[in-house]
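Line by line, the protein sequences are chains A and B.
Just so we're aligned, residue 1 is where the first sequence starts under the working numbering, counting upward by one.
Just so we're aligned, residue 116 is where the second sequence starts under the working numbering, counting upward by one.
The set of hints was computed from the structure by calculation and includes no laboratory data.
Cβ coordinates follow ideal geometry from the N, Cα and C atoms, glycine included.
It is possible that some hints are incorrect.
With the C-beta cut set under 8 Å, the calculated list includes, among others, these residues of chain B facing chain A [to be verified]:
| # | residue |
| --- | --- |
| 1 | Leu160 |
| 2 | Pro210 |
| 3 | Thr212 |
Pairwise CB distance ranges (calculated) [said to hold, decoys possible]:
| # | chain 1 | residue 1 | chain 2 | residue 2 | range |
| --- | --- | --- | --- | --- | --- |
| 4 | B | Lys186 | A | Glu42 | 22 to 30 Å |
| 5 | B | Asn180 | A | Gly60 | 21 to 29 Å |
| 6 | A | Lys54 | B | Thr135 | 14 to 22 Å |
| 7 | A | Pro9 | B | Gly168 | 37 to 45 Å |
Here's a subset of chain B near chain A, in silico, CB distances under 8 Å, partners left out [as the list claims (entries may be wrong)]:
| # | residue |
| --- | --- |
| 8 | Phe125 |
| 9 | Ser146 |
| 10 | Tyr148 |
| 11 | Val175 |
| 12 | Pro176 |
| 13 | Gly178 |
| 14 | Tyr179 |
| 15 | Glu215 |
| 16 | Gly219 |
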Amino acid sequence: DQQVKQNSPSLSVQEGRISILNCDYTNSMFDYFLWYKKYPAEGPTFLISISSIKDKNEDGRFTVFLNKSAKHLSLHIVPSQPGDSAVYFCAASALWGGATNKLIFGTGTLLAVQP
Amino acid sequence: NAGVTQTPKFQVLKTGQSMTLQCAQDMNHNSMYWYRQDPGMGLRLIYYSASEGTTDKGEVPNGYNVSRLNKREFSLRLESAAPSQTSVYFCASKPGTYTEAFFGQGTRLTVV
């Protein structure tokens, strides 16, 4: 059972416009959320994170929004650039069994930014 | 500063063969993870280790074993490889609970 879901396998936007990537989770134990970017043949790289005590975190062109009641988070990229074209993964973290730090990823969304 | 290093980068195995994927980090991180990436499935957690001497099953542990040899190294072993284990494997480490994980470059494994 997928605990972290990204229901859009792909997204295409025009350069300069906003990209909105969505993620849903099922387990209320998750209390820390992250977004990663992945280029082909490379490992994922960290983009931005948010704690469950916040509802928004911003870093330059990237903003993550968290809606705990809906168990939903989103990543906004403004303005989108061709170099942003990559696969984006959301991830959720929780202390499992009181100690062990489990980190679960979603299925990914392929973002294509058209010049 | 190497970060997270995985070896080998590529491997082809025959069904039934065994092999160990190596992962080492030089950032003094406590937690380490093994994931596999398959088309349409995202990154799925195989095993993880909160600290030296402890390991826990993730989402897809069947067919794999792990060893946290010391704080730096976390290996993943396939005892009898199957074609369903054809995938790209990523190792990651993170220093603490509310921090990001750092990934290696991946190992592309093909089982024929």
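Checked hints:
1. Taking 8 Å as the C-beta contact cut-off toward chain A, the hint placing Leu160(B) at the interface holds, the least distance being around 6 Å.
2. A distance limit of 8 Å between C-beta atoms decides the matter here; for Pro210(B) the minimum to chain A is near 10 Å, and the interface restraint is violated.
3. Against a cut-off of 8 Å between C-beta atoms, the interface hint on Thr212(B) holds, since the closest Cβ of chain A lies about 5 Å away.
4. Our hint of 22 to 30 Å for Lys186(B) and Glu42(A) holds, since their Cβ atoms are close to 25 Å apart.
5. Distance hint check for Asn180(B) and Gly60(A): the Cβ-Cβ separation is about 42 Å, which falls outside the suggested range of 21 to 29 Å.
6. Hint check: Lys54(A) to Thr135(B), Cβ distance near 41 Å, so the stated range 14 to 22 Å is violated.
7. Look at Pro9(A) against Gly168(B): about 39 Å separates their beta carbons, and that is inside 37 to 45 Å.
8. Annotation: interface hint on Phe125(B) violated; nearest CB of chain A at approximately 11 Å, more than 8 Å.
9. At a threshold of 8 Å, the smallest CB-CB gap from Ser146(B) to chain A is about 5 Å, leaving the interface hint in force.
10. Taken as an interface hint, Tyr148(B) checks out: its beta carbon lies about 6 Å from the nearest beta carbon of chain A, inside 8 Å.
11. Checking Val175(B) against chain A by beta carbon gives a least distance of about 11 Å; that is not within 8 Å, so the hint is violated.
12. Checking Pro176(B) against chain A: minimum C-beta separation of about 13 Å lies over 8 Å; hint violated.
13. Residue-level restraint check for Gly178(B) is violated (minimum Cβ-Cβ distance to chain A is 19 Å; threshold 8 Å).
14. With 8 Å as the threshold, the beta carbon of Tyr179(B) stays out of range of chain A, its nearest partner Cβ sitting at about 16 Å, so the hint is violated.
15. Among the interface hints, the one on Glu215(B) holds; its C-beta lies about 4 Å from the nearest C-beta in chain A, closer than the 8 Å criterion.
16. The closest approach between the C-beta of Gly219(B) and any C-beta of chain A is roughly 5 Å, which is under the 8 Å cut-off, so the hint is satisfied.
In the structure shown, a violation is registered for the earlier hints numbered 2, 5, 6, 8, 11, 12, 13, 14, in ascending order.
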